[in-house]
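Participant: If you want the building blocks of each chain, they are given just below.
2 protein chains.
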Amino acid sequence: MVFEKLQTLELPASADMHVHLRDGATKNLVVPSIRAGGVNCVMVMPNLVPPITTVAHALQYQASLQALEPKVQFLMSLYLHPDVTPATIAEAAAAGIKNVKSYPAGVTTNSSAGVVDYSVFYPVFAAMESHNMILNLHGELPSTADSSITVLSAEEKFLPTLRTLHEAFPRLRIILEHCTTAAAIEAVKACGPTVAATITAHHLYLTIDEVVGNAHHFCKPVAKLPADRKALLSAAAAGGEKFFFGSDSAPHALSAKEMRGKPAAGCFTQGEATQLVLEAFVGAVGKGLLKEEEVTVEGIEGFLGGYGRKFYGVEANGEKIVLKRGASKVADMLRGEGDLEIMPFRAGEETWSLEWKA
Amino acid sequence: MVFEKLQTLELPASADMHVHLRDGATKNLVVPSIRAGGVNCVMVMPNLVPPITTVAHALQYQASLQALEPKVQFLMSLYLHPDVTPATIAEAAAAGIKNVKSYPAGVTTNSSAGVVDYSVFYPVFAAMESHNMILNLHGELPSTADSSITVLSAEEKFLPTLRTLHEAFPRLRIILEHCTTAAAIEAVKACGPTVAATITAHHLYLTIDEVVGNAHHFCKPVAKLPADRKALLSAAAAGGEKFFFGSDSAPHALSAKEMRGKPAAGCFTQGEATQLVLEAFVGAVGKGLLKEEEVTVEGIEGFLGGYGRKFYGVEANGEKIVLKRGASKVADMLRGEGDLEIMPFRAGEETWSLEWKA
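Residue numbers (the UniProt record's numbering), protein chains in the order written: chain X, 1 to 358; chain L, 1 to 358.
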């Protein structure tokens, strides 16, 4: 692709296979931004308070989302938890729920009810395998009392767990979410075709240098080294079907992001989801982090929607989006009900404009 | 030392061999906090705007500090810069200036005038060697366009430069400042007796996990891994004469620390300098990061003052301080002229009380 001449691009609507839409005022503000980011299909995370552990809760939540935005397809997930049994899985599959999400206990937002020991869930995984459901893994080991695991090593130290689960359930479809390391990319490639990975938009931009001291770049897993970022860019642009987009867009109130001491983890990218990915590819080619030949329309379409829809077994509805380079700016701030303010990633920066094709 | 029973400690006044006192309202607020931290001798950094590159500027600055606080000994330094020549060194030595500080260009606060190539300063280093002056090194390599150096590797990648300088000038006394890695501690140990190192208070507390996303823990060099922190604790408590206290206390206005995008680098520890070090040792023993036998009154006295004074060739004046465990709290905020606010490290946390012995 000749990037210097690339000013306009028409693409199928994107699918974002990892979103946080929350509840209440945040939900009301964030859900309308999904289509602003060129997305018409999202995989919705279940880490509400309390977490979504029943089919009834998932369907009720889905209905509330659908009411806010009828033109987005909301794929739902359950939160892996002792309340989720093989019977729950059968019920979920019958109700069209695609996914179960595993949070290691304590590593990120609303994960205190998360997993300590995966083996206790083997009967659940067996049921998921037989019902063709997908296991989404937040791939970090939690911190330990002896401090042997840090934010820098937590993902790489989780990779043996991924391999163990894949070997125990080779037919279970697994997604290693929001990869941040070259090691994770390699681990996913080394697994069979049932194992895929998502990559966020913000991890295509950040390294640890931009995360130290900067609450607005703080997310879990944290961005790692330049070589890791390069591996993510290559996997996203040209890694094939195993790698697809999941923004992990995480809306937090400005007050929670800028709280002294312990800022909330997450970057909010929903309203610019597609635009940010395109801009990351263009920027990376400009800086020599991606070769021009790695970036193709086929690869972009696959990463932004095709591969994810295929893995989830959902059809695109034919909607198209048209993007123009440098023709817009990321909002400085989103403002919602009450005094809710949410600051987007790359607030105020130049971006692509996006329109839905009539 | 039996820490469980340690409730009171009488020590010689501390010497802090790396302080930032700034100018204007910040100076007026910070200088009086030196003795609050149990310190009566400080090595003052020259990174004002403009930097201190002349003897006249250093002496004028020293006089302004002395006027604010007559009961502190202010050791002065020049900023290594093309304006500093062998003739400047001779003049500085005659004026009692002990020290030249080298900032690699661009790595920290007010370092834009810093060093790109050390070899151009070899005539200056030779003059310093013959006048028995000390070279203070901010030991980080600056970032490069190809991103091969990150905040995590910048110190370790500087260590060959330390070795090269030491080999070229074996009699030149060199301080590797604010060590943050086990590798730096080992490199200093491996050099001859002319090479020493300073260790800050905040690096005895922090690891990278506490720095990601937290502007108030962001300083350069950034805190590294748990094993590095453990090496710093051991070197500070029981590393002998090569390792002494330099707080690198860096006052920044709250607005600069909490600025979105690029927070100012530095932790402000001046008013609690001695207390923070004691608390770090006690906490580390409690968590098994230090063995009780590593922490001795002799080691504490050496680290907090004796070794630094010996390296700089200054005498203690016999003043004593008395500390009581858990008898005070770190201030929530320091407030100065105008709307200046400076938030201390560990604001609001329990700390030792400190009194000067009559």
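Simulated from the structure, these hints should not be mistaken for lab results. Treat the numbers as computed from the prediction; the structure is a model and nothing was measured. Hints should not be assumed to be uniformly reliable.
The list cannot tell twin chains apart, which means a pair is met if one copy fits it or any two copies do.
[Said to hold, decoys possible] Keeping only pairs whose Cα atoms sit at most 35 Å apart, straight-line, the calculated DSBU-like set for lysine-lysine is: (1) K5 / K262; (2) K157 / K320; (3) K157 / K324; (4) K157 / K329; (5) K357 / K242; (6) K329 / K262; (7) K324 / K262; (8) K262 / K291; (9) K157 / K291; (10) K242 / K230; (11) K310 / K357; (12) K320 / K262; (13) K291 / K27; (14) K291 / K320; (15) K357 / K262; (16) K324 / K230; (17) K5 / K27; (18) K5 / K157.
Participant: Where does the structure disagree with the numbered hints, that is, which hint numbers, in rising order?
Facilitator: Of the numbered hints given earlier, those the structure breaks are 2, 3, 4, 12, 13, 15, 17, 18, listed in rising order.
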